[in-house]
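The lines below spell out each chain.
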Amino acid sequence: MTRAAVDASAASQTAEAVQEAEAVELVRPQETADTAGIHQEISGTVGTPFSDNAKMSTRHVDVFYGDKQAIFDVSLDIGEKEVIALIGPSGCGKSTYLRTLNRMNDTIPGCRVTGDFQLDDEDIYAKEMDPVLLRARVGMVFQKPNPFPKSIYDNVAYGPRLHGFASNRAELDEIVVSSLQRAGLFEEVKDRLNVPGTGLSGGQQQRLCIARTIAVSPEVILMDEPASALDPIATATIEELIDELRENYTIAIVTHSMQQAARVSQRTAYFHLGKLVEVGETNQIFTNPAHQLTENYITGRFG
Amino acid sequence: MNKTEQVRRSLKKRHRQERRFILLGKLAVLIALLFLAFLLADIFIKAWPAFKQTWIQLEISYDAEKLGVDAAADQKALKQGNYRGVLKKSLYAMFPDVTERRDKKALFKLLSSGAEYRLRDSLLAQPEMLGTRQQIWVLADDDIDSYIKSASLRDADQSDRRIKDNQVAWLDRLEEQGRLETKWNWSFLTSSDSREPELAGIAGALKGTFLTILVTLALSFPLGLAAAVYLEEFAPQNRWTDIIEINVNNLAAVPSIVFGLLGLAVFISFFGVPRSAPLVGGMVLTLMTLPTIIIASRAALKSVPPSIKDAALAMGASKVQAVFQHAVPLAMPGILTGTIIGMAQALGETAPLLMIGMVAFIVDIPQGITDSATVLPVQIYLWADSPERAFMAKTSAAIIVLLLFLITMNLLAVILRKKFERKW
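Respectively, the protein sequence lines represent chains X and A.
If you read the first sequence in our numbering, its first letter stands for residue 1, the second for the next number, and so on.
If you read the second sequence in our numbering, its first letter stands for residue 1, the second for the next number, and so on.
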C-alpha cells in the first residue's frame, strides 16, 4: 500500500470509529471498569494520527512477543520538534511501541516487529540500517534512572567517546558541560563532576541520563515514563526541561500521568490494549475527546 | 477468648521457635569453629618439629692428603675430594674410646647422609680453608633429630626407639660439650624433596604448584570468561545452547580423576605434551575448573541489571561494547570469586595429576612449565605415605604451607574484588 492510500484508508477508519464511539455511549449502562468499555472492540484510530511535518512516521505496526500480539496495526506520525505524549492504561503497549522507534525491541528474545517505519524517509528496519547508528539518532531515556556506575563526567562523555565526537579533551569538556547545562544539571554538579553519577538524587540522576542522551545530539528523544520514579519537585524540573528541549529535539514521551501529558505535550496519543484509539491536539484530547474510551480514561473511570 | 489473646498465645510459640533456631544456628557455628581450631592446633603441633632441626658441631681437619687432593687443587678437583673419609676420621677422633667396628658404624649414623656434602660446600665456598682445622655444623640424622625433639622418646626403652643406648650416651657427651643444637630449619623452604627426611624441603613442590596454578589461571580464566560471555549475552536461545548448558553443569560434577584420564589420552598420548610437567598439569586442571568458572561467571553476568546494558545500547553502543564496557566490569567481582573458587579447587587436587605423572618423586626444583614437577598436595600425599617418623612432621608442615598459599590467593581475590566493586 502506498503512503497516500494508507492516509485515505486511515481517514475513513476514523469516521467509522467516531460513529462506533457514539454507539458505545448509548449502550453504557453503569460506570464500572469493565462496562466502561475496557474490553470493547476497537477498530481504527480516531483523530489525527498523521502530521504534515513528520519526523518519524509509522504505518501498520504489529508487535509480537512470541505468539502473543502486543501491538495491533498502529499508524502514527511524530512531528518535527513536537512533544507527543503516549498515554493509556498499563499493558496497553505504549512502551512497546516507543521501543520499536529505536529498535530497542531487537534485544528482547522472541520479539517480532512488522510494519513500515520511517525516520526522515529512511526505513529504520531496512537491512542497510544499522541499529547502532539509528540509536545514535534516536536516543532514549528510561523509566528508572540508569546512570552508569561511573563519574558524572564519564556518564555524559560516554556517547561522544563512543562515536568519536571529540578529538581532544577540551572539546569533550565542552560537550559535557553544554549537555549538563541543557539538562539543567550543571549548576548543581559543576564542583563534583568526578563523583559517581549513582550518588546523585533520583531527579538529578534522571537529568544526568537526559544529559547523557543529548550529548550525542540525537534528532529524536524517546522518554519512557521518565518521571515515574521521581518526587513532584523533581518531576516538575524534568517537565520544564522537556519543554525547553522541544526547541531542538523531537520528543516522544510515554507517561502514566495525564497531568504530565497535558503539561508537556502538544499532541497526545491514547493507546488501549495494544491499539491506538485516538490521537489529537493535547488540548482537544483532554477537553473534548472524540472516542468514548479516551474520555473514560482521562476522566479516571479506569487506568 | 478474644483475638488478641489468641494471637498472644501463638506468638509465644513463634518466639520460642525463633529462639530455638537461633540457638541451633549458634551451636552449629560453634561446633564448626571448634573443629577448625582442633584441626589447626593439631596441624601446627605436629608440624612444629619440622621447623626445627638438630645440628652437630664437628672439628674437621681439611687435610689435603686425607681428602685425596693436591694442596693447590682447583674447584673441580675439590669437588671430587673424599669428604666422607674426612668426616669419619674427624668424628672418630672426637670419640677415641669408640673402637669396635659396629660401634663406629653406629657413631657415624648420628650424622645425616647429607653431612659430607655440607663439608664439601663449605670448602668450595672458602677454598683457603684447605689444610686448616675448622668447627663445622652438620645436620644430624632424622632419627637423632626425632629423638632430640621428642620428650616421649627420651623416656622410652631402647627397644621402643630407633637409636641405641650407646648413641644416646654419645649425644649426651656432644650436648655437654655444646656441640649439639637445634636451629630454625630454613632449608625446609629452600630445598626440594629427598629420601632423607632431614634434607627434604618444600621448595620444589611450591614452585611446581605456582607454575601449575599459573598455567591453569592463564588458560581457564580467558576461556571461561569468553565462554560465559558468549553463552550469556550472544548465543541464541535454542536447543543447542540448552544442551551446552546442561553439559557444562554436568561437567562441574564429574570426578576429577576422569579429567586426568582425558589429559593422559589427549594431551600426553595424542599431542605429546611432556608428562609430569606443570604445563600438562595446568591443562588438566583447566578442564576441571572451566565449568566452575563458566557457571559462576554466567550467574554474575545475569545479575547485572539489564537497565545498564539498555542505557549503553540506547546511546548507540554496539552489543560488544555494551557487554564489555558495562556488563563484564560490573560482573567482575562475581567472575573473580568464581575463578578463585576454581583455582582453590585446582590447588588442592591430586587425583587428576596421578594420571599424568605428577605424582612422582622429583628432586629438582622445576625451572619452567615443561620441567618435571610435583605440587603441594601430591607432596603431602607422598610424605604422608613415607615410613620415616620425621616425615610426619614434614607432612603437617607442608599442609601449613599449602594453607598459607591458599590464604594468600584468597586475600588477593578479596583485594581484587574490592577494587572492581562498584555501587549503583
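Calculated directly from the structure, the hints in this document are not laboratory data.
Predicted model only: the values in this text are computed from it and were never measured.
Hints may contain errors.
Which residues of chain X face chain A? A partial, calculated answer using Cβ under 7 Å [to be verified]: (1) 66; (2) 109; (3) 132; (4) 140; (5) 146.
Using 27 Å as the maximum straight-line C-alpha spacing, the simulated DSS-like pairs for lysine-lysine come out as follows [stated by the list, open to error]: (6) A:418 / X:68; (7) A:88 / A:52; (8) X:144 / A:66; (9) A:46 / A:164; (10) X:127 / X:190; (11) A:46 / A:302; (12) A:66 / A:79; (13) A:66 / A:105; (14) A:319 / A:302; (15) A:76 / A:46; (16) X:150 / A:418; (17) A:26 / A:109; (18) A:104 / A:79; (19) X:150 / A:319; (20) A:3 / X:127; (21) A:52 / A:183; (22) A:26 / A:66; (23) A:109 / A:88; (24) A:79 / X:150; (25) A:52 / A:3; (26) A:46 / A:104; (27) X:275 / X:144; (28) A:302 / X:150; (29) A:319 / X:144.
We put the CB at the ideal spot given by N, CA and C, even for glycine.
Status of each hint after checking the structure:
no.: 1; hint: 66; in the structure: violated (12 Å)
no.: 2; hint: 109; in the structure: holds (5 Å)
no.: 3; hint: 132; in the structure: holds (5 Å)
no.: 4; hint: 140; in the structure: holds (4 Å)
no.: 5; hint: 146; in the structure: holds (4 Å)
no.: 6; hint: A:418 / X:68; in the structure: violated (44 Å)
no.: 7; hint: A:88 / A:52; in the structure: holds (25 Å)
no.: 8; hint: X:144 / A:66; in the structure: violated (91 Å)
no.: 9; hint: A:46 / A:164; in the structure: holds (25 Å)
no.: 10; hint: X:127 / X:190; in the structure: violated (43 Å)
no.: 11; hint: A:46 / A:302; in the structure: violated (46 Å)
no.: 12; hint: A:66 / A:79; in the structure: holds (14 Å)
no.: 13; hint: A:66 / A:105; in the structure: holds (19 Å)
no.: 14; hint: A:319 / A:302; in the structure: holds (15 Å)
no.: 15; hint: A:76 / A:46; in the structure: violated (42 Å)
no.: 16; hint: X:150 / A:418; in the structure: holds (16 Å)
no.: 17; hint: A:26 / A:109; in the structure: violated (55 Å)
no.: 18; hint: A:104 / A:79; in the structure: holds (26 Å)
no.: 19; hint: X:150 / A:319; in the structure: holds (19 Å)
no.: 20; hint: A:3 / X:127; in the structure: violated (69 Å)
no.: 21; hint: A:52 / A:183; in the structure: holds (6 Å)
no.: 22; hint: A:26 / A:66; in the structure: violated (71 Å)
no.: 23; hint: A:109 / A:88; in the structure: holds (10 Å)
no.: 24; hint: A:79 / X:150; in the structure: violated (66 Å)
no.: 25; hint: A:52 / A:3; in the structure: violated (74 Å)
no.: 26; hint: A:46 / A:104; in the structure: violated (33 Å)
no.: 27; hint: X:275 / X:144; in the structure: holds (25 Å)
no.: 28; hint: A:302 / X:150; in the structure: holds (20 Å)
no.: 29; hint: A:319 / X:144; in the structure: holds (21 Å)
When each numbered hint is compared with the structure, violations occur for hints 1, 6, 8, 10, 11, 15, 17, 20, 22, 24, 25, 26.
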